[in-house]
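Place chain B on chain A using the hints.
There are 2 protein chains.
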Amino acid sequence: MKKEIAERLRDNSLLDRIVTAEEAASWIQDGMTLGLSGFTRAGDAKAVPMALVDRSKNESFKVNVFTGASLGFDIDKKMAEAGIVNKRLPFQADPTMRKKINVGEINFIDQHLSHVAEWVRGDVHNPIDYAIVEATAITEDGYIIPTTSVGNSSIFVDKAKAVIVELNLSQPAGLENMHDIYELGKQGERQPVPLTSVDQRIGEIGIRLDKDKLKGIVITNFPDSPSTIVPPDEETAIMANHLINFLREEIKAGRLTNKLAPLQSGVGSVANAVLHGLLESEFEDLEVYSEVLQDAVFDLIDSGKVRFASGCSMTLSKEKMDHVYPNIEKYKDKIVLRPQEISNLPEVIRRLGLISINTALEVDIYGNVNSTHVSGTKMMNGIGGSGDFARNCRTAIFVTKSLAKDGKISSIVPFASHIDHTEHDVDIIVTEQGYADLRGLAPRERARVIIENCAHPLYKEQLTDYFEEALMRGGQTPHVLEKALSWHTNYASTGTMLQKEKETVTI
Amino acid sequence: MKKEIAERLRDNSLLDRIVTAEEAASWIQDGMTLGLSGFTRAGDAKAVPMALVDRSKNESFKVNVFTGASLGFDIDKKMAEAGIVNKRLPFQADPTMRKKINVGEINFIDQHLSHVAEWVRGDVHNPIDYAIVEATAITEDGYIIPTTSVGNSSIFVDKAKAVIVELNLSQPAGLENMHDIYELGKQGERQPVPLTSVDQRIGEIGIRLDKDKLKGIVITNFPDSPSTIVPPDEETAIMANHLINFLREEIKAGRLTNKLAPLQSGVGSVANAVLHGLLESEFEDLEVYSEVLQDAVFDLIDSGKVRFASGCSMTLSKEKMDHVYPNIEKYKDKIVLRPQEISNLPEVIRRLGLISINTALEVDIYGNVNSTHVSGTKMMNGIGGSGDFARNCRTAIFVTKSLAKDGKISSIVPFASHIDHTEHDVDIIVTEQGYADLRGLAPRERARVIIENCAHPLYKEQLTDYFEEALMRGGQTPHVLEKALSWHTNYASTGTMLQKEKETVTI
Chain A
3 MKKEIAERLR DNSLLDRIVT AEEAASWIQD GMTLGLSGFT RAGDAKAVPM ALVDRSKNES
63 FKVNVFTGAS LGFDIDKKMA EAGIVNKRLP FQADPTMRKK INVGEINFID QHLSHVAEWV
123 RGDVHNPIDY AIVEATAITE DGYIIPTTSV GNSSIFVDKA KAVIVELNLS QPAGLENMHD
183 IYELGKQGER QPVPLTSVDQ RIGEIGIRLD KDKLKGIVIT NFPDSPSTIV PPDEETAIMA
243 NHLINFLREE IKAGRLTNKL APLQSGVGSV ANAVLHGLLE SEFEDLEVYS EVLQDAVFDL
303 IDSGKVRFAS GCSMTLSKEK MDHVYPNIEK YKDKIVLRPQ EISNLPEVIR RLGLISINTA
363 LEVDIYGNVN STHVSGTKMM NGIGGSGDFA RNCRTAIFVT KSLAKDGKIS SIVPFASHID
423 HTEHDVDIIV TEQGYADLRG LAPRERARVI IENCAHPLYK EQLTDYFEEA LMRGGQTPHV
483 LEKALSWHTN YASTGTMLQK EKETVTI
Chain B
3 MKKEIAERLR DNSLLDRIVT AEEAASWIQD GMTLGLSGFT RAGDAKAVPM ALVDRSKNES
63 FKVNVFTGAS LGFDIDKKMA EAGIVNKRLP FQADPTMRKK INVGEINFID QHLSHVAEWV
123 RGDVHNPIDY AIVEATAITE DGYIIPTTSV GNSSIFVDKA KAVIVELNLS QPAGLENMHD
183 IYELGKQGER QPVPLTSVDQ RIGEIGIRLD KDKLKGIVIT NFPDSPSTIV PPDEETAIMA
243 NHLINFLREE IKAGRLTNKL APLQSGVGSV ANAVLHGLLE SEFEDLEVYS EVLQDAVFDL
303 IDSGKVRFAS GCSMTLSKEK MDHVYPNIEK YKDKIVLRPQ EISNLPEVIR RLGLISINTA
363 LEVDIYGNVN STHVSGTKMM NGIGGSGDFA RNCRTAIFVT KSLAKDGKIS SIVPFASHID
423 HTEHDVDIIV TEQGYADLRG LAPRERARVI IENCAHPLYK EQLTDYFEEA LMRGGQTPHV
483 LEKALSWHTN YASTGTMLQK EKETVTI
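Protein chains in written order, with this note's numbering: chain A, 3 to 509; chain B, 3 to 509.
The reader is advised that the hints may include incorrect statements.
A pair counts as met if it fits within one copy or between any two copies, since identical chains are not told apart.
Derived lysine-lysine pairs resembling DSS-like cross-links, with alpha carbons at most 27 Å apart [what the hints assert, rightly or not]:
hint : residue 1 : residue 2
1    : Lys254    : Lys89
2    : Lys254    : Lys188
3    : Lys410    : Lys332
4    : Lys4      : Lys407
5    : Lys332    : Lys5
6    : Lys161    : Lys254
7    : Lys336    : Lys320
8    : Lys188    : Lys336
9    : Lys485    : Lys462
10   : Lys485    : Lys407
11   : Lys188    : Lys307
12   : Lys485    : Lys380
13   : Lys89     : Lys334
14   : Lys410    : Lys485
15   : Lys188    : Lys261
16   : Lys163    : Lys254
17   : Lys59     : Lys217
18   : Lys213    : Lys80
19   : Lys163    : Lys307
No lab work stands behind these hints, which were simulated from the structure alone.
Chain A extracted, bound-state conformation (with noise of 0.2 Å):
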């Protein structure tokens, strides 16, 4: 144990900084705000924040929670259950957390991903009492080693007041050196991001310690959580193979060649399935820039078909952390991992032309996307960087199966009960029914397309009398406003969208 902290403490006079999780938390007073690594439960700070759920079995406080993205190893549970977080962002995806969101007993801050770190740079923010990091290592010339997610790191130890640093044995070590960390400066006095294809490296190999801010650090050995993800099923490689079919529409038309652009997938199980779906294809030489890098990307490079992959977290299932972590030397030169601004940036984005990919919760017949409330009220997760993405990227794809809750709810609807991506940043939607390019139509047109071929059969007549019924009113975007969200009001009343008289006709 001695000499494997030695082997990642390299800075002998920190040796006296490292203190228990107990005594770590018990600095953090009540009203603080905590910038803590981890972005979807990959290199998040485990054992502190354990330790401040642990403290507030005997004492009251709210804290503010700045994170990367959702934690693992439950801590958004714990921490919601026990009561002690007032403000969150700017992503979770925790049930519990959820439920404290949805009562409005925590103020939680649906962020752009790429948005935090200049709102903190700029103190617009509330300023970082504590940055509570997990580490690799610590340099001996004073770099922080992020383990497996750079997330915000990187701007919550430059601006907190003090640092927490989690030092996880049961990282690999084998981490060190697969981060790219760049900090751009304040706006109005910051070069241009030299960033300009997806496996360069334009910062240094960690964050940059002021030792004097380090209050202490604590030893542990938890690994991540591992990922949760649904393995691919009969529809999401349907949808996999109208994507791929999408792609070769734009090779064909000579927007794209076989080596495609750098490639953008969102979290969650139907962009991963979506992306794994590429296994089959027959493009070649893939190239990877992205915010999670999930099970399919490494799929994806033992197959041979990424050359590179750039993100800022690895999420991964048991299964391939098993694979993976014991080969990580492999993947060194095939794999970067950034802070979330980088990964995330439209300058970025945009230059380098990405094809992304994200997952809707419904869309409406004009290609608005709601991303994150259910029935437009309930928060999911959050919009993560999918906003990020689609307005910036070469091609916004969104994926969703088109239908929910075994029919009763269409994703295609008339009116999105809530918008987080506006019908200027969605090019094209794909469902297991087929997908709708978008780009270059007027709405009337969008609708026509995307109930054709995105919408369920058993939701097709339904959408067109809805559109037919508006047309007759007229606009560029038509409606019937009295019923533009009578399917959500249904649902809420009979449990189904499917209005009355068809579904006795259907059943």
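Relative to chain A, chain B alone:
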């Protein structure tokens, strides 16, 4: 006249390309796509489109019309009346064309202004058959010098199969050397855009011309249509004061200095009036990085408040034209005109950290903004550049009067009937009632401050009633879905958004 032409058409080998507008218009065939110069009434191609309209009296055809933004000179009106437009993008502001769009006779693509060039370059939009661009001069070394706007002219000329230049003798010769034309190159192959300050020149003084593609030169002599801007009134002066108060608070908080940050202001009377209010402020050495430079910018330059302004067009009232054009030399080291892809580029907007001021049509209680659609269905003008700026700037400010139609419409509504800017992109709302600083607030908190600070007293109670009923239902973004759009349907059926009983009380 001959001398004047020689001074402006400085490549003698091109003299034989001079043709009449009628001849140039005769080359255009049914189904073609035209890329016209012109951005908010400035620098539009005038003679050839007019000749095309004339041709339609004897002949039936339709073309796709791509521009920078809206046109002056009643071109959109006359093209719409003539029925010769199939597809129109990305922005227009003409009442007659608007009608044709809203009945579905013209397919209008409402696109982010910075995205158009990307889609033309990437062959996503229809190929440009003819670029028809107004010029101040064609230089001896083959550059087309634009006039009062750049818009999308450079990419249209670059990608078009053939080019027609309207050499406009009425545009000040002194416009030469005011432009900075930069071509980004293909996505995936381009370098960072090197712009790091508003006054920096990164490109060339004109649009590089492939002489082989130059099919005709039409000599014209028509001035731009003056802007129809409404002068500041009492309410816009109050709004300007609220904005100034917000900026003062930013300085107090240490987030801005007295020089502020580069300002962007959307097209239109309210944004112009609000900018005008800065004349009376204590801020100094201001910079403008915007798309349209309207009257207020020139007043601010004249008063010494603004030290430099970068735009993609100058859209001036008649009075201001008469002042600026004879003195154009005076403005030469204070103004640069760029392609709209550069004036609106996310990369530059975020790097410089702009303060963006754009106009909202309606705002919901959670801060979602409708910029385009009256009652959710009828197109007004288009999103323009507001999305480019709001998403990527330092602080996204939206301004609107709290009432419209003599109080029959509240600009603050429970649920926006159309969304162009989601809550993720809306930081500050300013009405004549006050301003709401929404940064770092959860939706429930946003609602309280918007209703309290921005809504008109006439609608405050009604909004509060809705919000309180919605809170009973719960959610991150509470709504009463069956009543969410009732304000709009009430307005349609009763002529006012005021609820009946309230109306009685207030009368």
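Now the hints, each set against the structure:
In this homomeric assembly, Lys254 and Lys89 come within 27 Å of each other (Cα to Cα) only across copies, at 24 Å, whereas the closest approach inside a single copy is 49 Å. In this assembly of identical chains, Lys254 and Lys188 lie within 27 Å of each other by CA distance solely across copies; the values are 18 Å between and 43 Å within a copy. Proximity of Lys410 and Lys332 under a CA criterion of 27 Å is satisfied in neither setting, with 47 Å inside one chain copy and 67 Å between copies. Neither within a single protomer nor between protomers do Lys4 and Lys407 lie at most 27 Å apart by alpha-carbon distance, with minima of 53 Å and 76 Å respectively.
Taking CA atoms no more than 27 Å apart as the test, Lys332 paired with Lys5 passes inside one copy only; the shortest distance there is 25 Å, against 72 Å between copies. With identical chains, the CA atoms of Lys161 and Lys254 are at most 27 Å apart between copies only, with a shortest distance of 20 Å across copies and 49 Å within one. Taking the closest pair of Cα atoms, Lys336 and Lys320 come within 27 Å of each other only inside a single copy of the chain (21 Å); across copies the shortest separation is 61 Å, beyond that limit. In this assembly of identical chains, the alpha carbons of Lys188 and Lys336 lie at most 27 Å apart only when taken from different copies (25 Å versus 31 Å within one copy).
With identical chains, the CA atoms of Lys485 and Lys462 are at most 27 Å apart both within one copy (16 Å) and between copies (26 Å). For the identical chains of this complex, Lys485 and Lys407 are neighbours both inside a copy (22 Å) and across copies (25 Å), given an alpha-carbon limit of 27 Å. In this homomeric assembly, Lys188 and Lys307 come within 27 Å of each other (Cα to Cα) only across copies, at 24 Å, whereas the closest approach inside a single copy is 38 Å. Taking the shortest Cα distances, Lys485 and Lys380 sit within 27 Å of each other both inside one copy (21 Å) and across copies (17 Å).
Proximity of Lys89 to Lys334 under the C-alpha cut-off of 27 Å is found in neither arrangement, the shortest distances being 37 Å within a copy and 50 Å between copies. In this homomeric assembly, Lys410 and Lys485 come within 27 Å of each other (Cα to Cα) both inside a single copy, at 18 Å, and across copies, at 23 Å. Proximity of Lys188 to Lys261 under the C-alpha cut-off of 27 Å is restricted to the inter-copy arrangement: shortest distance 15 Å between copies versus 36 Å within a copy. In this homomeric assembly, Lys163 and Lys254 come within 27 Å of each other (Cα to Cα) only across copies, at 21 Å, whereas the closest approach inside a single copy is 55 Å.
Taking CA atoms no more than 27 Å apart as the test, Lys59 paired with Lys217 passes inside one copy only; the shortest distance there is 24 Å, against 81 Å between copies. For a Cα distance limit of 27 Å, the shortest separation of Lys213 from Lys80 qualifies neither inside one copy, at 31 Å, nor across copies, at 70 Å. For the identical chains of this complex, Lys163 and Lys307 are neighbours neither inside a copy (44 Å) nor across copies (38 Å), given an alpha-carbon limit of 27 Å.
In the structure shown, a violation is registered for the earlier hints numbered 3, 4, 13, 18, 19, in ascending order.
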